[in-house]
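J.: Chain A is fixed; fit chain B onto it per the hints.
Protein chains in written order, with the working numbering: chain A, 1 to 114; chain B, 1 to 115.
Treat the hints loosely; a few may be bogus.
Stated by the list, open to error - Derived lysine-lysine pairs resembling DSS-like cross-links, with alpha carbons at most 25 angstroms apart:
id : chain 1 : residue 1 : chain 2 : residue 2
1  : B       : K68       : B       : K56
2  : B       : K42       : B       : K110
3  : B       : K71       : B       : K56
4  : A       : K13       : B       : K42
5  : B       : K71       : B       : K110
6  : B       : K56       : A       : K57
Source of the hints: derived by calculation from the structure; they are not laboratory data.
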Amino acid sequence: KAGVTQTPRYLIKTRGQQVTLSCSPISGHRSVSWYQQTPGQGLQFLFEYFSETQRNKGNFPGRFSGRQFSNSRSEMNVSTLELGDSALYLCASSPTGATGNTIYFGEGSWLTVV
Amino acid sequence: GESVGLHLPTLSVQEGDNSIINCAYSNSASDYFIWYKQESGKGPQFIIDIRSNMDKRQGQRVTVLLNKTVKHLSLQIAATQPGDSAVYFCAENPPNSGGYQKVTFGTGTKLQVIP
Numbered sequence: 001k002a003g004v005t006q007t008p009r010y011l012i013k014t015r016g017q018q019v020t021l022s023c024s025p026i027s028g029h030r031s032v033s034w035y036q037q038t039p040g041q042g043l044q045f046l047f048e049y050f051s052e053t054q055r056n057k058g059n060f061p062g063r064f065s066g067r068q069f070s071n072s073r074s075e076m077n078v079s080t081l082e083l084g085d086s087a088l089y090l091c092a093s094s095p096t097g098a099t100g101n102t103i104y105f106g107e108g109s110w111l112t113v114v
Numbered sequence: 001g002e003s004v005g006l007h008l009p010t011l012s013v014q015e016g017d018n019s020i021i022n023c024a025y026s027n028s029a030s031d032y033f034i035w036y037k038q039e040s041g042k043g044p045q046f047i048i049d050i051r052s053n054m055d056k057r058q059g060q061r062v063t064v065l066l067n068k069t070v071k072h073l074s075l076q077i078a079a080t081q082p083g084d085s086a087v088y089f090c091a092e093n094p095p096n097s098g099g100y101q102k103v104t105f106g107t108g109t110k111l112q113v114i115p
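Bound conformation, chain A alone (with noise of 0.2 angstroms):
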């Protein structure tokens, strides 16, 4: 069975531009979320998606968006970089993101804002 599948895994974007991140998750699986990670913040949980639906968010600006399609696979979209948003954005999968689901993460998207 293939794991979370995330693309691209590595981009450089310019200040003020936008970023659109995929990612696939474990065929079967119907919850994704996503989580930022970073040196100085660790890992922080933006947002979880069921059946195209956002259940919970984590404390981010409205800059950071994103959606789920009836698939499950699901992107994240950054608008308006800042240098700050350089991370490895992750994304995982579990079958309904109860809590008590495995969740299983895929390898990251390193995004680098100059």
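T.: Just chain B now, with coordinates in the frame of chain A:
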């Protein structure tokens, strides 16, 4: 490979010894706790979990202990191997998550296994 988290506490352990990684969690009402392992250049990997109605859970070579009185979690790794070298994160699912995942991660501990 790449790594995130340049200023982590480090635990150095001799190969074959047992490792104990400690974690203080923040929310006394959290009901679910998880340990993850993150190797350089990879996403976090689930190791073991425990619910708040338990105080101990064992897996293969790993044991998680939960002390709710002092909001403390520990991960014990038996017979530590070089492949155990990684950053270890404890995580909790807080009560305001509506029963869904909104995992809060600790800062991480780097485990260095000395051959």
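J.: Against each hint, give a clear statement of whether it holds in the structure.
T.: Hints, one by one, checked against the model:
1. Between the alpha carbons of K68(B) and K56(B) the distance comes to roughly 11 angstroms, so the proposed pair stays at or under 25 angstroms and holds.
2. Pair hint K42(B) plus K110(B) holds up; C-alpha atoms about 14 angstroms apart against a cutoff of 25 angstroms.
3. Annotation: proposed proximity of K71(B) to K56(B) holds, straight-line Cα distance about 14 angstroms (limit 25 angstroms).
4. Between K13(A) and K42(B), the direct Cα distance comes to roughly 22 angstroms. Compliance with the 25 angstroms bound is thereby established for this hinted pair.
5. Restraint check: the Cα-Cα separation between K71(B) and K110(B) comes to about 21 angstroms, which is no more than 25 angstroms; the hinted pair holds.
6. Restraint check: the Cα-Cα separation between K56(B) and K57(A) comes to about 31 angstroms, which exceeds 25 angstroms; the hinted pair is violated.
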